[in-house]
Amino acid sequence: MPWYTVMTLLAMALVVALELVVIRSGIFRMRAFWIALGICALFQIPVDGWLTKLSSTIVIYNPDVFAGVRIFFDSPIEDWGFGFALMTLALALWVRQGRNDDATSPAVRDAALATGGGNERD
Amino acid sequence: MQRFQYLIVMALCVGVTLPLEFILNARVYRRPRRMFGALLPTVAAFVVWDVFAIRLGHWTFSPEYTTGWKIGNIPVEEITFFVVIPLCALLSFEAVSNILRDGWVATLRAGVLGRLLPAGRSGTGSSERGDTTRSEELV
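So the sequences go chain by chain: A and B.
Heads up: the first sequence begins at 1 in the numbering used here, then just goes up one per residue.
Heads up: the second sequence begins at 123 in the numbering used here, then just goes up one per residue.
Next up, chain A with everything else stripped away, as it sits in the complex (with noise of 0.2 Å):
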């Protein structure tokens, strides 16, 4: 059973709706957020790539688990859903909470408080 692909697509289909249903940061929305996951995409080819290489394999992937496609250093291509979701879901908690921190004016401040929103500020 490839359990990591099947892991890898629950867990991506898990943070778009936990984004899109409960954090509500507007994340998809944003331009900045997907030249970002662009770029660390990019970045991760030799990163994962030096991790999971097949010469000196740091991180070793029961080829059970996986549906078998390496790209690049002989990544397993589920990593870059794995990366997504990880990535999104701190990126979505970050816009989330800036949304309070950022609320710097009194009458936005008033107004977050006197709907029980954060106050959390830095």
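What you were told as hints is all true, and nothing was included just to trick you.
Some chain B residues well away from chain A (every beta-carbon gap over 12 Å; in silico): (1) Lys192; (2) Ile193; (3) Gly194; (4) Asn195; (5) Leu230; (6) Arg231; (7) Val234; (8) Gly236; (9) Leu238.
Between beta-carbon pairs, the in silico distance windows are: (10) Val227/B <-> Ser55/A: 39 to 47 Å; (11) Phe72/A <-> Val169/B: 24 to 32 Å; (12) Leu238/B <-> Ala67/A: 47 to 55 Å; (13) Trp226/B <-> Arg24/A: 28 to 36 Å; (14) Asn62/A <-> Val169/B: 16 to 24 Å; (15) Gly26/A <-> Leu178/B: 29 to 37 Å; (16) Pro141/B <-> Pro63/A: 37 to 45 Å; (17) Val169/B <-> Val6/A: 16 to 24 Å; (18) Arg24/A <-> Pro185/B: 39 to 47 Å; (19) Pro163/B <-> Ser55/A: 35 to 43 Å; (20) Val6/A <-> Arg237/B: 44 to 52 Å.
Hint data in this document are derived by calculation from the structure and do not stem from the laboratory.
In this text, all values refer to a predicted model and were calculated from it rather than measured experimentally.
Built from N, CA and C at the ideal position, the CB exists for glycine as well.
Starting from the structure of chain A, add chain B where the hints point.
Frame of chain A, contents of chain B only:
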């Protein structure tokens, strides 16, 4: 030294993205509460996945290239990974956001280079908490 390979890769990720904080004024490390607020739930979620994946034998780690230091069944390298990679994403996102919103020149000027270059800026009394940067942002 070989057994530090995974950790060294992580350190390189931190090192390569560190200039984004200061040169492109990402201000991720300088907003620690928000940073931890984004990282902690993320790390927690992926550690849970990792615990089960390791237990079920989905992936293992080279004893030659990892330290062998573990928390439960998770190598410290993995926890480092779950902190470092999202951190790189946050820094990239903030840097890109700055450039899209303010342009390269204003972004570089707002960063540490702006304090070194004679750009005709007054009010260089930047406090440790970066209050001047914050007030600039509000303009």
